[in-house]
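Chains as they are written, first to last, in our numbering: chain A, 1 to 110; chain B, 1001 to 1113.
Keep in mind that a hint or two might mislead.
To be verified - To give an idea of the chain A side of the interface with chain B (calculated C-beta under 10 Å), a few residues:
hint: 1; residue: Q6
hint: 2; residue: S7
hint: 3; residue: L50
As the list claims (entries may be wrong) - Okay, the calculated bits of chain B under chain A, using three or more residues with CB under 8 Å as the criterion:
hint: 4; stretch: 1031 to 1043
hint: 5; stretch: 1101 to 1108
What the hints assert, rightly or not - Which chain A residues face chain B? A few, computed with CB under 10 Å, are given here:
hint: 6; residue: V4
hint: 7; residue: G32
hint: 8; residue: F34
hint: 9; residue: Y36
hint: 10; residue: Q38
hint: 11; residue: G41
hint: 12; residue: K42
hint: 13; residue: P44
hint: 14; residue: F72
hint: 15; residue: L87
hint: 16; residue: H91
hint: 17; residue: F100
hint: 18; residue: G103
hint: 19; residue: E105
Calculated directly from the structure, the hints in this document are not laboratory data. Predicted model, so just to flag it, every value in this text is computed and none were measured. C-beta: ideal position from N, C-alpha, C; glycine also.
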Amino acid sequence: EDQVTQSPEALRLQEGESSSLNCSYTVSGLRGLFWYRQDPGKGPEFLFTLYSAGEEKEKERLKATLTKKESFLHITAPKPEDSATYLCAVHQNTGGKLIFGQGTELSVKP
Amino acid sequence: DAMVIQNPRYQVTQFGKPVTLSCSQTLNHNVMYWYQQKSSQAPKLLFHYYDKDFNNEADTPDNFQSRRPNTSFCFLDIRSPGLGDAAMYLCATSRGQGHNVLTFGAGSRLTVL
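Pulled out of the complex, with its shape left as it was, chain A reads as follows (with noise of 0.2 Å):
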């Protein structure tokens, strides 16, 4: 069965503190994976689409790696204003929907 997880569930930070958030995933065939930002009570916004394995984008203090089995996003040096829900997904080559995970939900503390 096609699968998304990510973790940790929630991650508290200091600010100034990096870390990384994971996501594995079990598809069959890859078509895209995308990383979302959510606030609370908002919806999704677009980060990072990755397409291949070795992959990475960047965007202020976020950078996103891909594997085979999973993707990472790093975040360096993080501020209180990067306190938000991590969504990843991914996009399937058959039935060509995406599968989101749960989240990891990011807070960082002054």
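Chain B: place on chain A using the hints.
Positioned in the frame of chain A, the structure of chain B alone reads:
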């Protein structure tokens, strides 16, 4: 700014009383999606439209229906809401199949009393 707008943002209904949630988009995207998201859970796809073609997920309850009268608008109808239907309902759009960067609306939070 081009965007996806959902109304209402908050909806309170009684058990069994029908509800309609609306979504409009100014992006001129072909595909519109409805997701259900419960607290601390992954968004769950209910159905999507590719232009006028309706695609229902196999596990979407019959209680949920959708209409897309034109490119810009899509509606989610919940015929007889139960307590288990309380959730955030997210509308999203994408340019087309193979273009799966979704643009989401802010969501409609449904409370069932």
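Status of the hints after comparison with the structure:
| no. | hint | in the structure |
| --- | --- | --- |
| 1 | Q6 | holds, 9 Å |
| 2 | S7 | violated, 13 Å |
| 3 | L50 | violated, 12 Å |
| 4 | 1031 to 1043 | holds (count 4) |
| 5 | 1101 to 1108 | holds (count 7) |
| 6 | V4 | holds, 7 Å |
| 7 | G32 | holds, 6 Å |
| 8 | F34 | holds, 7 Å |
| 9 | Y36 | holds, 8 Å |
| 10 | Q38 | holds, 8 Å |
| 11 | G41 | holds, 7 Å |
| 12 | K42 | holds, 5 Å |
| 13 | P44 | holds, 5 Å |
| 14 | F72 | violated, 19 Å |
| 15 | L87 | holds, 7 Å |
| 16 | H91 | holds, 5 Å |
| 17 | F100 | holds, 4 Å |
| 18 | G103 | holds, 7 Å |
| 19 | E105 | holds, 8 Å |
The structure is inconsistent with the numbered hints 2, 3 and 14, although it conforms to all the rest.
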